[in-house]
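Q: Chains A and B, in that order, give the protein sequences. Those letters in the first sequence? Residues 1 to 92, per this note's numbering, in order. Those letters in the second sequence? Residues 1 to 316, per this note's numbering, in order.
Think of the hints as simulated: they come from the structure by calculation, not from any bench. Keep in mind that this is a model prediction, so the values were computed, not measured. Treat each hint with caution, since some may be false.
What the hints assert, rightly or not - Simulated DEER-style distance windows between Cβ atoms:
| # | chain 1 | residue 1 | chain 2 | residue 2 | range |
| --- | --- | --- | --- | --- | --- |
| 1 | B | S300 | A | T3 | 19 to 27 Å |
| 2 | B | E275 | A | A78 | 43 to 51 Å |
| 3 | A | T3 | B | L10 | 36 to 44 Å |
| 4 | A | T3 | B | H216 | 23 to 31 Å |
| 5 | A | T20 | B | S115 | 28 to 36 Å |
| 6 | A | S5 | B | E308 | 17 to 25 Å |
| 7 | A | A78 | B | P24 | 42 to 50 Å |
| 8 | B | E138 | A | S38 | 52 to 60 Å |
| 9 | A | E44 | B | S6 | 36 to 44 Å |
| 10 | B | S115 | A | S5 | 33 to 41 Å |
| 11 | B | S300 | A | S45 | 42 to 50 Å |
To be verified - Rough simulated footprint, nothing fancy, chain B against chain A, three-plus residues with beta-carbon under 8 Å:
| # | segment |
| --- | --- |
| 12 | 57–67 |
| 13 | 85–91 |
The C-beta atom is built at its ideal place from N, Cα and C for all residues, glycine as well.
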Amino acid sequence: MSTVSVRLPTVLRPAVNGQTSVEVAGATVGEVVDGLISKYPSLESNLVDDDGHVRKFVNVYVNDEDIRFLAQLATAVADGDEVAILPAVAGG
Amino acid sequence: MAVYSSVLDLIGRTPIVDVSQLSPNPGVRILAKLEGANPGGSVKDRIALAMILAAEKDGTLRRGITIIEPSSGNTGIGLAMICRQRGYKLKIVLPQSVTVERRQVLEAYGVEIISSPGGEGSNGAVRLAQQLADEHPEWVFLYQYANNANPTAHYETTGPEILDDVPDITHFVAGLGTSGTLMGVGSYLKQNKPAVKVYAVEPPAGEQVQGLRSLHDGFVPPVFDKWGGIELLDGKRIVRPSESLTWTRRLVAEAGIFAGISSGAALAGSAKIAEQLDEGTIVFVSSDGAWKYLSTGAYSGSIDEAIEGLGNVIYF
């Protein structure tokens with residue numbers, strides 16, 4: 001079990017008492033997300049769909065790498081890693 | 001040198017410059033494709049021209065018609081240059097959070113600017129443009145995020161230019177905005193040289209966007225889905241403003257390339273990849289020059305103040 005810092009975007013901070021990031025334990029991103037949701041249940045509908053997958057408009061990163069191109073929710077995390085959750089936005 | 005009949009003939013065929021002095025790994029070359037050399041000053045000239053030509057060909061456009069498009073600036077500028085030449089009126093939905101220079105260039109070309117809330121970023125501009133296009137069916141909505149001419153322009157021009165100039169390319173890195181550059185160039189490279197890896201970089205733009213009610217308001221460009229972005233890309237990474245600025249300044253100081261801030265982000269991503277390889281040749285896209293970002297204070301003084309100055313400014 002590792003402890004990682006989860007960095008949250010402005011839009012989600014009200015759900016975590018205004019914090020910019022929270023510490024969560026877990027060995028994979030999936031466990032971290034579960035841990036986050038059990039601490040702050042109102043985050044659940046924002047982060048995962050009914051099948052437990054990360055929502056389409058949500059990007060999750062481990063040390064700034066998008067987990068969709070790693071092992072998705074099975075991506076392993078180590079102590080001190082930073083998990084970032086961001087909404088997908090447009091550019092151009 | 002030839003004499004060209006129109007500034008539009010200058011779009012594309014941009015130069016590639018070796019900036020390997022910036023590579024953290026002596027075994028890995030890093031090459032910059034300088035899209036700032038396009039006449040409108042950015043990579044977006046290519047898609048602006050391609051979208052206009054496609055709409056002319058299918059009969060959507062005729063002289064005097066009004067075009068509406070959401071843009072954080074560069075696509076708007078490319079369209080403005082072309083529309084002025086060809087007799088189309090142009091309205092650009094521009095987030096308030098872009099630099100004053102982008103706004104000034106659009107004004108210089110006679111564009112009507114419709115401001116969208118800065119706090120909603122580009123997503124807000126897309127939403128407002130969609131709404132206005134629905135209300136005005138007589139206007140033409142090119143919609144770069146879903147227009148197939150966008151990735152196709154890169155598939156047909158940028159991709160072949162890169163492979164012609166750099167046949168030994170192993171990695172391609174570009175910023176993710178509409179995803180047109182990555183989808184078009186990436187598809188071309190993988191079809192013609194399957195071993196090439198394609199990586200996206202993006203700013204942590206969603207972190208600060210205040211105007212989103214929830215994450216359900218997020219946006220993935222239809223072009224990304226249609227061109228199989230998830231399967232096409234080998235990786236996608238956030239580059240934070242401090243890294244982007246540091247590498248942008250290095251590009252200016254050590255390679256003499258007066259590049260925009262997203263170029264520094266692409267170079268930062270390239271350097272990260274270079275560290276993990278034994279050898280290779282990385283090509284990254286320098287989307288535009290520094291000119292339109294000077295007012296942010298990004299290019300001189302302390303990095304911390306520059307990050308502050310960048311604030312919520314959209315630079316992709």
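Q: Does each hint fit the structure? Answer for all of them.
A: Hint check results:
Between B:S300 and A:T3 the C-beta distance comes to about 40 Å, which lies outside the given range of 19 to 27 Å. Take B:E275 and A:A78: their Cβ atoms lie about 18 Å apart, and the range 43 to 51 Å is violated. Taking 36 to 44 Å as the suggested C-beta distance range, the pair A:T3 and B:L10 does not conform, at roughly 55 Å. Our hint of 23 to 31 Å for A:T3 and B:H216 holds, since their Cβ atoms are close to 30 Å apart.
Judged by the Cβ atoms, the range 28 to 36 Å given for A:T20 and B:S115 holds: they are separated by roughly 29 Å. For A:S5 paired with B:E308, a C-beta distance near 23 Å keeps the hint of 17 to 25 Å intact. In this structure the hint that A:A78 and B:P24 lie 42 to 50 Å apart at CB is violated, the actual value being about 23 Å. At roughly 53 Å, the beta-carbon separation of B:E138 and A:S38 lies within the given 52 to 60 Å, and the hint holds.
Taken as a hint, the range 36 to 44 Å is violated for the pair A:E44 and B:S6, whose Cβ atoms sit roughly 56 Å apart. At roughly 37 Å, the beta carbons of B:S115 and A:S5 sit within the given window of 33 to 41 Å. Our hint of 42 to 50 Å for B:S300 and A:S45 holds, since their Cβ atoms are close to 46 Å apart. Note: the segment 57–67 of chain A has 7 residues with beta-carbon separation from chain B under 8 Å; the three-residue rule is met and the coverage holds.
Interface restraint, the segment 85–91 of chain A with chain B: holds (6 residues with C-beta to C-beta distance below 8 Å; minimum three).
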